[in-house]
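Chains A and B are the protein sequences, given in the same order. Using the numbering used here, read the first sequence as starting at 39 and increasing by one per residue. Using the numbering used here, read the second sequence as starting at 454 and increasing by one per residue.
Since the hints were derived computationally from the structure, they do not count as laboratory data. It cannot be assumed that every hint is accurate.
Claimed, not checked - List time: in silico DSSO-like cross-link candidates among lysine-lysine, alpha-carbon distance up to 27 Å:
#1 A:Lys127 to B:Lys457
#2 B:Lys515 to A:Lys127
#3 B:Lys489 to B:Lys534
#4 A:Lys95 to B:Lys507
#5 A:Lys90 to A:Lys66
#6 A:Lys127 to B:Lys497
#7 B:Lys457 to B:Lys550
#8 B:Lys457 to A:Lys153
#9 A:Lys74 to A:Lys62
#10 B:Lys507 to B:Lys497
#11 B:Lys489 to B:Lys550
#12 A:Lys90 to B:Lys489
#13 A:Lys224 to A:Lys245
#14 B:Lys550 to A:Lys72
#15 B:Lys515 to A:Lys121
#16 A:Lys205 to A:Lys58
#17 B:Lys515 to A:Lys120
#18 A:Lys120 to A:Lys153
#19 A:Lys74 to B:Lys550
#20 A:Lys95 to B:Lys457
#21 B:Lys550 to A:Lys120
A quick note: this is a predicted structure, and the numbers were derived from the prediction, not measured.
Letter by letter, the chains look like this.
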Amino acid sequence: MAQEIIEDINPTRMELLKLKQREKLAVKGHSLLKEKRNALIMEFFNILDRVKGSREKVALNLEEAYKDLTAAQIAMGDLAVKKAAMSVKESIDVDVDSRSVMGVVVPVMDYDVQKRTIVERGYGFMDTSVRLDDASRKFEESIAQIIELGEIEKTITLLAVEIESTKRRVNALEHIIIPRLQNTVKYIEMRLEEMDRENFVRLKMIKKTMSESEA
Amino acid sequence: MTSKVAVIADQDTVTGFMLGGIKEGYPVEDMQEASKTLEDLVSKDYSIIITTEKIGDELRDKINSLTSERALPMIIEIPDKSGSIERETDPLRELIKRVIGVEMVK
Numbered sequence: 039m040a041q042e043i044i045e046d047i048n049p050t051r052m053e054l055l056k057l058k059q060r061e062k063l064a065v066k067g068h069s070l071l072k073e074k075r076n077a078l079i080m081e082f083f084n085i086l087d088r089v090k091g092s093r094e095k096v097a098l099n100l101e102e103a104y105k106d107l108t109a110a111q112i113a114m115g116d117l118a119v120k121k122a123a124m125s126v127k128e129s130i131d132v133d134v135d136s137r138s139v140m141g142v143v144v145p146v147m148d149y150d151v152q153k154r155t156i157v158e159r160g161y162g163f164m165d166t167s168v169r170l171d172d173a174s175r176k177f178e179e180s181i182a183q184i185i186e187l188g189e190i191e192k193t194i195t196l197l198a199v200e201i202e203s204t205k206r207r208v209n210a211l212e213h214i215i216i217p218r219l220q221n222t223v224k225y226i227e228m229r230l231e232e233m234d235r236e237n238f239v240r241l242k243m244i245k246k247t248m249s250e251s252e253a
Numbered sequence: 454m455t456s457k458v459a460v461i462a463d464q465d466t467v468t469g470f471m472l473g474g475i476k477e478g479y480p481v482e483d484m485q486e487a488s489k490t491l492e493d494l495v496s497k498d499y500s501i502i503i504t505t506e507k508i509g510d511e512l513r514d515k516i517n518s519l520t521s522e523r524a525l526p527m528i529i530e531i532p533d534k535s536g537s538i539e540r541e542t543d544p545l546r547e548l549i550k551r552v553i554g555v556e557m558v559k
């Protein structure tokens, strides 16, 4: 592996120059990709801080919300809850924007979930239970958290995919392509030197035979 | 651009989120219906789709093909009324582990 060279190569000066160009380009690309990888990983760590425990928080909140919902359904009946739910007004307003992290487009949520009072929700008081108010409030809270969680998880997934492929490319350049180019350059240089020496010896021999025949 | 949010889940979950203020609730009975609704919503440019973990597990391949490597739509899976599904490994944690090489979160 370490001594691997590019096959079918002619040991000529032309080829040597081309290879040196390629090596230069590969080294440059490698250092750029390495920087990209480092920047991505830094971003990844930043977002990791935010993900800690947020899924658990959402699950916990939802569990309570479902409990209240069930209680409301028991108190009012399934149909009445559904009816009340139909008349609730839209509460969330989400703007999805995107931002680019080293060429990876990640979503940025700009959301606004109104914390509404019971009057603003839009269902009547006559036939609804107080449990329904609790359930609505908890679901409102959960929605905000869910949207945030979604944003974080999506960002993590997208970044992870990009980091993986960048890592693979960095490693391929570092461990395979650049060494192979270097080895090939070395091989051609050695061949050229060898040819030089052969030529030198040949010239000497010719000179010797010429001077012998003259004498 | 104001984005649209929708919920695809069982009847109770949809009712709950309607109470919370998401008007676009699509109660589904079985997986065929869920799958069809999901396709429909994605084609209609919904940017956030909330669904349950059960549906998410069943339609994993479809969700992956719809969302991976794109910023939108965002499909978020949440636990339903019976609580979250206990998994041996958290897929997100697996992913982090694979990328960083070591266990990071907890």
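Now for the hints, and whether the structure bears them out:
1. A:Lys127 to B:Lys457: holds, 15 Å
2. B:Lys515 to A:Lys127: This hinted pair is violated, its Cα atoms lying about 32 Å apart.
3. B:Lys489 to B:Lys534: holds, 23 Å
4. A:Lys95 to B:Lys507: Given pair Lys95 (chain A), Lys507 (chain B) holds - Cα atoms ~19 Å apart, limit 27 Å.
5. A:Lys90 to A:Lys66: violated, 37 Å
6. A:Lys127 to B:Lys497: holds, 22 Å
7. B:Lys457 to B:Lys550: With Cα atoms ~33 Å apart, Lys457 (chain B) and Lys550 (chain B) exceed 27 Å; violated.
8. B:Lys457 to A:Lys153: holds, 19 Å
9. A:Lys74 to A:Lys62: Satisfied, since the Cα-Cα distance of roughly 19 Å is no more than 27 Å.
10. B:Lys507 to B:Lys497: Satisfied, since the Cα-Cα distance of roughly 23 Å is no more than 27 Å.
11. B:Lys489 to B:Lys550: Distance of about 34 Å is beyond 27 Å: violated.
12. A:Lys90 to B:Lys489: violated, 34 Å
13. A:Lys224 to A:Lys245: Violated: Lys224 (chain A) and Lys245 (chain A) sit about 32 Å apart, past 27 Å.
14. B:Lys550 to A:Lys72: holds, 20 Å
15. B:Lys515 to A:Lys121: Not OK: Lys515 (chain B) and Lys121 (chain A) at ~33 Å, beyond 27 Å, violated.
16. A:Lys205 to A:Lys58: holds, 25 Å
17. B:Lys515 to A:Lys120: Measuring from Cα to Cα gives roughly 30 Å; hence the hint is violated.
18. A:Lys120 to A:Lys153: holds, 21 Å
19. A:Lys74 to B:Lys550: holds, 20 Å
20. A:Lys95 to B:Lys457: holds, 24 Å
21. B:Lys550 to A:Lys120: violated, 43 Å
The structure does not agree with the numbered hints 2, 5, 7, 11, 12, 13, 15, 17 and 21 stated previously, though it agrees with the rest.
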